[in-house]
Amino acid sequence: MKISREEVLHIARLARIALNEKEITRLSEQLSNLLDNFEILQRVNTDNVPPTAQSVDLQSVTRDDDVTPSFPPEDILANAPRRDEDCFRVKPVLE
Amino acid sequence: MQVTIKEASKLLKDKKISSIELTSEYLERIDSVESNLRALVTVTGEQALEQARKADEVIAAGKNGPLTGIPIVIKDNMCTRGVRTTCSSKMLENFIPPYDATVVEKLNAAGMVMVGKSNLDEFAMGSSTENSALFTTRNPWDTDRVPGGSSGGSAVAVAAGEAVCAVGSDTGGSIRQPAGFCSVVGMKPTYGRVSRYGLVAFASSLDQIGPLTQDVTDCALLMNAIAGYDQRDSTSIPEPVPDYTKSLKTDLKGMRLGVPKEYYVEGMQSGVSDAIQTALKKLEELGAVIEETSLPHTPYALAVYYIIAPSEASANLARYDGVKYGYSYEGDTMWESLEKTRENGFGPEVKRRIMLGTYALSAGYYDAWYLKAQKVRTLIRREFDAAFEKYDALITPTSPTVPFRIGEKMDDPLAMYLSDICTLPVNIAGVPGISIPAGFSEGLPVGMQVIGKPFGEEAMLLIAYAYEQATEWHKRRAEV
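Chains A and B, in that order, give the protein sequences.
Number 66 in my numbering belongs to position 66 of the first sequence; there are no gaps in the numbering.
Position in the second sequence counted from 1, then plus 1000, gives you my numbering.
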């Protein structure tokens, strides 16, 4: 299972992580090596086996729609790297 | 002074010591050993003394419970209101949560005194604390060796007497493996038993919070405080919480224990398997019937785990965008800001797992990797179900090796991942597991894992307690 340099760049773009040249080379090697080892999964017969997403047998959990206080805006904005009045400030999304 | 919860509680109740005095002693201990061990990211001395003062008032009023006034350490991936919660990541180095995790709320309500937040592998991804972006924690039994991880700081704090007890989180062994490496008791409850609200998410279908303590009695006491349904965690189970201390008995007559042969993997150290063999004989002497059994899909657990956990992590960690909180890079454009924030904010292991998970979930690979892993997960679960029709619990080593040297596995991700080989299947199946001290190999701790049925914590604790009471391992202390 060879993960090429192009594939590493494609995945990095999907994950929105910038990588330097050293990281690209190393991740290409390491991901290839890990996936080689995980190939053994393909040997397991899983015909008619349903997937498990989580181990709890709860379905469509609901709760009463009680009205409770929300966090005060000041508490939530206290960690904001850049704020503008009561908003988080970001670079333009659409130019 | 190094006391258990039970001992400290009695001293406090009998007014032999105040919580302020007890807390001060622990803060002094932290002061004297931290430069050497580095278990704690943040020491919360002032707040601890304030909590201790309140605990002393509760004790004076005769309203104290078993945990009132007792110093505890909390893994730094659980939100603590007003106290920074770093996940040992540059991304959250200065993050101060506006709320408490449910577990923290419960420990506060029980009157516990938080003396610090403990170090971990960044975002709980690792088996040695070497992936902490802040610093590496050292094993008190040999400071050239790792304490295990990711809850390494919590395990060391308990082993070295920096706190009476601790809480950690366990996604693939992150409580049990460091507990084994530091010769303390560490338990991962059944998935859904303890609320995950306020635990910084790594792999949501696998994460579970649990205690790290000096003995099994303390483990039961801490479980009594943290277990239970929480409306804010939709995977928490609405089942009543038993008094876990009631299950602590010393007779194992009639107990049937299975020993799955697949756990004795290639690369297991003979010192570890010898210690477990000796422990099995002890369990037999105590009345248990021991049989070898087989869980044939065990060899696939590593691959299943390292597809599913990174996949979930890649989705969970998408929230770190440098907008709402945490580290933020200000670039010329939104995309540059986002990509540079994540490049600079995450360490190598976190990036590796996000990349692996993103790959396994991406178009064209989802069925072959993620869906396949989920299906094999079903087979592993079924195998546990079948085993528990025959056995009350399963016994395995906690880890195939004793603590390894700092740096030894850092360049080889797969070798590092293999140190969780005995603990991963437990999270995959969602069943509970506990690691207890089971001896030493060349002076280094060996942990024994007891795996229980879903919500079978009581039988698991009984077995652990009976073994502990028949041995002296838990009384040995590392010289720091």
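By construction, these hints were calculated from the structure, which means they are not laboratory data.
On a predicted model such as this, the values are computed, not experimentally measured, just so you know.
Any given hint could turn out to be false.
Output of the computed footprint for chain A on chain B, the stretches with three or more beta carbons under 8 Å from beta carbons of chain A [stated by the list, open to error]: (1) 1042 to 1053; (2) 1226 to 1239; (3) 1323 to 1334; (4) 1364 to 1376; (5) 1419 to 1426.
Below, in silico cross-link-like pairs of lysine to aspartate or glutamate (EDC-like), each with a Cα-Cα straight-line distance of 20 Å or less [stated by the list, open to error]: (6) B:LYS1249 with B:GLU1284; (7) A:LYS91 with B:GLU1284; (8) B:LYS1375 with A:ASP64.
The beta-carbon is built from N, C-alpha and C at its ideal position, and this holds for glycine as well.
Evaluated hints:
no.: 1; hint: 1042 to 1053; result: violated (count 0)
no.: 2; hint: 1226 to 1239; result: holds (count 4)
no.: 3; hint: 1323 to 1334; result: holds (count 11)
no.: 4; hint: 1364 to 1376; result: holds (count 8)
no.: 5; hint: 1419 to 1426; result: violated (count 0)
no.: 6; hint: B:LYS1249 with B:GLU1284; result: holds, 15 Å
no.: 7; hint: A:LYS91 with B:GLU1284; result: violated, 67 Å
no.: 8; hint: B:LYS1375 with A:ASP64; result: violated, 34 Å
When each numbered hint is compared with the structure, violations occur for hints 1, 5, 7, 8.
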